[in-house]
Amino acid sequence: MQVQEVVSFLQQTPPFDDLAAHVLQHLSQDLTVLYLASGEELQPEPQLLLVRSGLFALHTEQHRITHLQSGDFYGYQLLLTGLADPDTIRCEEDGLVYFLPAESFDKLRHQYKNFDLFFQRLFSRRLHLYQSSQQQSTSTLKVADLVTRRKVSIDCSNTVQQAATLMTEQRVSCVLIEKDEKLVGILTDRDLRSRVLAKNLPASTTVSEVMTKTPQSIEIDRFAFEAIQQMSQHNVHHLPVEEQGKAVGVLTTTDLIRSQQEHPVYLISHIHRQHKAEGLNAITPHINQLAMQLADQQIPSYEVSSVLTSIMDALAQSWLHIAEKELGPAPCVYSWLVFGSQARRDMLPSADQDNALLLEKEPTGAVADYFSALADIVCNGLASSGQALCEGHIMASTPELRLSLKGWSGRFAKWLNTPDPQALLNSSIFFDMRLIHGSKGLFNVLQEDVLARCKNNELFLFHLAKNATERQPPLGFFKHFLLEQDGRQRKGLDLKKRGISLISDLVRVYALSAGIHAVNTRERLAMLQQQGVLTQRQQQNLQGAFDVLAHLRWQLQAQDIQRGRHLSNLLDPAQLNLLQRHQLKDAFAVISDEQQILRQRFCREL
Amino acid sequence: MWNWLKKPEAVHQLVLEYENSTPIDKLELASKADFLVLDFETTGMDAKKHHIVSAGWVKISKSKIYLNTAHYHLVKSPASVGQSAVIHGLHNSEVQQGIELELLLKQLVQELKTSVLVSHHSALELSFLKQSCQNCFGRSPAFKAVDTLKLELYKMQLKGGPVAQNSLQLPACLARYQLPEVTEHHALSDAFACAQLLLAQLKSRGAQCTLAELFQQSR
Chain Y
1 MQVQEVVSFL QQTPPFDDLA AHVLQHLSQD LTVLYLASGE ELQPEPQLLL
51 VRSGLFALHT EQHRITHLQS GDFYGYQLLL TGLADPDTIR CEEDGLVYFL
101 PAESFDKLRH QYKNFDLFFQ RLFSRRLHLY QSSQQQSTST LKVADLVTRR
151 KVSIDCSNTV QQAATLMTEQ RVSCVLIEKD EKLVGILTDR DLRSRVLAKN
201 LPASTTVSEV MTKTPQSIEI DRFAFEAIQQ MSQHNVHHLP VEEQGKAVGV
251 LTTTDLIRSQ QEHPVYLISH IHRQHKAEGL NAITPHINQL AMQLADQQIP
301 SYEVSSVLTS IMDALAQSWL HIAEKELGPA PCVYSWLVFG SQARRDMLPS
351 ADQDNALLLE KEPTGAVADY FSALADIVCN GLASSGQALC EGHIMASTPE
401 LRLSLKGWSG RFAKWLNTPD PQALLNSSIF FDMRLIHGSK GLFNVLQEDV
451 LARCKNNELF LFHLAKNATE RQPPLGFFKH FLLEQDGRQR KGLDLKKRGI
501 SLISDLVRVY ALSAGIHAVN TRERLAMLQQ QGVLTQRQQQ NLQGAFDVLA
551 HLRWQLQAQD IQRGRHLSNL LDPAQLNLLQ RHQLKDAFAV ISDEQQILRQ
601 RFCREL
Chain L
1 MWNWLKKPEA VHQLVLEYEN STPIDKLELA SKADFLVLDF ETTGMDAKKH
51 HIVSAGWVKI SKSKIYLNTA HYHLVKSPAS VGQSAVIHGL HNSEVQQGIE
101 LELLLKQLVQ ELKTSVLVSH HSALELSFLK QSCQNCFGRS PAFKAVDTLK
151 LELYKMQLKG GPVAQNSLQL PACLARYQLP EVTEHHALSD AFACAQLLLA
201 QLKSRGAQCT LAELFQQSR
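For the record, the sequence lines run as chains Y and L. According to our numbering, the stretch in the first sequence is residues 1 to 606, in order. According to our numbering, the stretch in the second sequence is residues 1 to 219, in order.
Next up, chain Y with everything else stripped away, as it sits in the complex:
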């Protein structure tokens, strides 16, 4: 006969919650129950231990690893591998534990695949896999999903007549122009009409004379809405699609309309259509509404961040247009840079501004005045559109952040050569940078310069790694846990400070040491694995931990938006379900392990 109280508990405890009631009724009778008093230690037995109540600590010889509480398991390593757990379990608060004998455990693993997977994953800390499968959503369509992989191209030495013939044969409205198999231009129906026929040019004119040179193009793995963003920004209807530097096809506005893209697209093109400040001021409710829709659609958090980042990028671009219209053309070439989470493309609605200006000329006299005015318009404009001003004044409106290439290069060199605490704090912000408007060439020079300085700079990497591992994840927080305040009377676990940032920080050290251009954490991890800097397992673990934390934070902020509250990174642990607690705990364990590895790699004696 089953005891209902035990069955009810199992029904709420993953992975048992997936099993049918009659299975649990049967299973519950295999359990034994033990009461432990504080201070008692348990010897490992080939049984699965499930904590029913109380608080327990896992210890190695030196230190406490983690806490176990209601719903947590122990002993599965011995059961899965036959290897004794390297740790012991000690009771810290009186409580009850259930034991499931090895035979019952093995039987369940054989009968129920998910049950087996749960413990395999618990064991291997492969966190992200036990998230419920994510739904495909229309707003996360990729360029690859829309483009037809059919490249229609001719060499640039051909005539416009040959191009026209090809286009007619292939029934396409544009042709890609290549030179030595590299994309050099694009020619459309409209170009043939307006640049050839209307100008009365002969049919023997070479395509290179009339084509659009170095056209806008997009990588095949970008989101569809980014393609729309690019098209609306540059007012083009054809976008060559590239894969690893080679053209593979063309994306047209028709393709996009056919895809019936939803909100992000419309919002971004709406932003690009605004030529007056008033239109952009009123954008915040739209962004929040979009965020809510994304939340409803159960979109993975990194894609939400990507959508939001694109919107913020579009906002900055639109404000720059408005500023240029108001102030007249810029006196020199410039690049508008963003740093931090916007650069990494992992923004959430709560993110504030981190931006700066990179100038072709030294900011003196009229040049200085122009960009000072430009920065004020854009920064204040962004603030009025809902992207809060940076409390640390990391904004282009600060004179120290409007520098020439030489100025920036010197600034980075100083941080790299004298890594004092302020320099290290700066590096966590400034070393993640991305261009969102202006000269790509100028930006590339700066980025190459910085990466070249970082690579093999052992002293700097030593300090950066040390700094990245100074803050630790709250391994033992679950019961007596560290509550932080956000100045608004809310308390909780800071998911950003104690989780997400820690991962970004340690991934940055590796990326800078390996001269990787990417700034997005996922992309950095992928590159690091490709280059053999990280093992596949490390990459997966870090990726998984990052996703779990980012997802929790996103859920948190989606709730805040829904309730009209101030957006916060503080998580109230009481709101977590058991599965989330498992995931969170595993994520923290991954961070802790990886911090140790990072220290070993970079912080040895120099």
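Output of the computed footprint for chain Y on chain L, the stretches with three or more beta carbons under 8 Å from beta carbons of chain Y: (1) 59-72; (2) 169-182; (3) 188-199.
Partner residues aside, some chain Y positions facing chain L, computed with beta carbon under 8 Å: (4) V3; (5) E5; (6) V6; (7) T32; (8) V33; (9) A37; (10) R52; (11) D94.
Hint data in this document are derived by calculation from the structure and do not stem from the laboratory. C-beta: ideal position from N, C-alpha, C; glycine also.
Got chain Y sorted already, so can you dock chain L onto it with the hints?
Same frame as chain Y, now just chain L:
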């Protein structure tokens, strides 16, 4: 030695076997002993007038509750469950599907040869058990029980101060040890809760506590 009995042949074989079996060693350590934790739901408080409607029990061995020993039976009652249905939620029709009282007693008497009986407020279980055996078997063995309520009272009196009303009821005791609460009046749920309470009480008495001490404190 039985010659003073008027009707020795009326005493059930089981009772005789019980009386002839090796008694449980009272000096055994409580942490190593076997217990049977029992709860009855009854039609009232008076064993002479009322009846057992259900019984639940679970066994403890060497300080571990074994859930495969959990038993629960409805018991056929010669009378209506009457007003008691309000408490235990069992109605006549259900109770009539239960097992015969005699069958229940046979199981219990057999088990209690090797396990120490435990109940919360054991006076009730003891009186119903003895009365029922008397009725069915002609005589009842001299059962003894460990009473988790009395164990709790003993501890509270040691500490001194007044014992608040209700503070000895099962839910209050469970709460004191932060044990899972019981939500319903169900004989097996109550027995299981009581078993967990006993485990906690044994811990607080240390590893050297003997059965004799438990019996002493249960008086």
